[in-house]
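S.K.: Chain by chain, the residues:
Number of protein chains: 2
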Amino acid sequence: MALIFVTGNDHKFLEAKALAFLFGIEIVQEKTGYTEIQSDSLEEIVRRGVREVSSKLGAACFVEDAGLFVHRLGGFPGPYSKYVFLTIGNAGILRLLEGVNDRRAEFRSVVGYCEPGGDPVLFVGVCPGKISTEARGDKGFGFDPIFEPEGGGGKTFAEMDVGEKNKFSHRGRALRAFMEWFKGREIREI
Amino acid sequence: MALIFVTGNDHKFLEAKALAFLFGIEIVQEKTGYTEIQSDSLEEIVRRGVREVSSKLGAACFVEDAGLFVHRLGGFPGPYSKYVFLTIGNAGILRLLEGVNDRRAEFRSVVGYCEPGGDPVLFVGVCPGKISTEARGDKGFGFDPIFEPEGGGGKTFAEMDVGEKNKFSHRGRALRAFMEWFKGREIREI
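Sequence lines, in order, name chains A and B. By our numbering, the letter at position 111 of the first sequence is numbered 111, and the numbering carries on one by one without gaps. By our numbering, the letter at position 160 of the second sequence is numbered 160, and the numbering carries on one by one without gaps.
Take the hints with a grain of salt, since some may be wrong.
Just so you know, same-sequence chains aren't split out, so a pair can sit in one copy or run between any two.
[What the hints assert, rightly or not] Derived pair list, reagent style DSBU-like, types lysine-lysine, alpha-carbon separation capped at 35 Å:
no., residue 1, residue 2
1, K130, K56
2, K31, K82
3, K155, K56
4, K56, K82
I should point out that these hints are in silico values taken from the structure, not numbers from a laboratory. All figures in this text were calculated on a predicted structure; none of them were measured in a lab.
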């Protein structure tokens, strides 16, 4: 039975699909919207959202929310990464860090799975790295062109194909944890 | 009967109280939290919030949400002004506008009033102005030190006392519209 990924973001779906394939899981995209609350905590946003949407659909499903947290900027843009990307963009983040030596940042991803009426189960993935001094690459989306993951040989996410990005990425890590759990559960239920 | 203003922000309460006094309305502060959704629309955030909190309290009440919208930054920081203030602050906004001539910005405020089980009534106030080239003044809160309202003689909000700020401000405008409506309604109901 196919697993439902509720997301309006085709890039995210593509990343998840590539990974799910390795686990022998089939996933389908569902673009139904759900309430995202304002919170400093991705976990809280995901918990509320997946509970709502699994009830609305009357089906088990998962959602994912992610953010870029820049140390020197107090965690900004954090849970509001999408809005910040759509307004000030990569150029804005680079500008805020002009002349700044401490360029440490991390991407965080939270995957939430829920069955209707049940309690959400959450999986967290973190990818440490740093903000590059200029945007590079045209793959991926959002802040990918300015983020160099640790262990990525200085490449930005936007310079990696989906498979390579998934090895390092916050979302890859959270999704792998989720899929391992999900497979184990399926097996126990046979 | 005192009117309940649901806000955790003491500065906002002070501004509302000063204005309510002029209308002969007594207001009290209630710090109960409520859900703020992620949305580009302050109206939507307020509508959902005030409906929830009036049900929770079982009493008529009002809430207020505001944001600073900078033209050149695509409306950033907008509905996420509080988070952006707490992370990159005034210095961050000034940095994003370094060397930028178009410094137009506006503060927007939405006041929402709701009775339990009823439909929210909204009042909007806008204050056009511009972002100063440096922070000035120590009154008010948030982005007040970098915002010069139109007609304010080049002063920032943080260089004005509460009474003067209320004359120009987005919040003053929205609150006045609300209080006029509220008084008119009281009179009709006698």
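S.K.: As a check of your reading, is K130 near K56 (CA-CA no more than 35 Å) within one copy, between copies, both or neither?
M.R.: Answer is neither; intra-copy 39 Å and inter-copy 44 Å both fail.
S.K.: Treating 35 Å as the Cα threshold, decide for K31 and K82: within, between, both or neither.
M.R.: Intra 17 Å, inter 29 Å, cutoff 35 Å: intra and inter.
S.K.: 35 Å Cα cut-off: does K56 pair with K82 within a copy, between copies, both or neither?
M.R.: both (24 Å within a copy, 31 Å between copies)
S.K.: Classify it for me, K155 with K56: is the Cα-Cα distance of at most 35 Å met within a copy, between copies, both or neither?
M.R.: Neither: 41 Å inside a copy, 50 Å across copies.
Hint compliance for this structure: hints 1, 3 are broken, all remaining hints hold.
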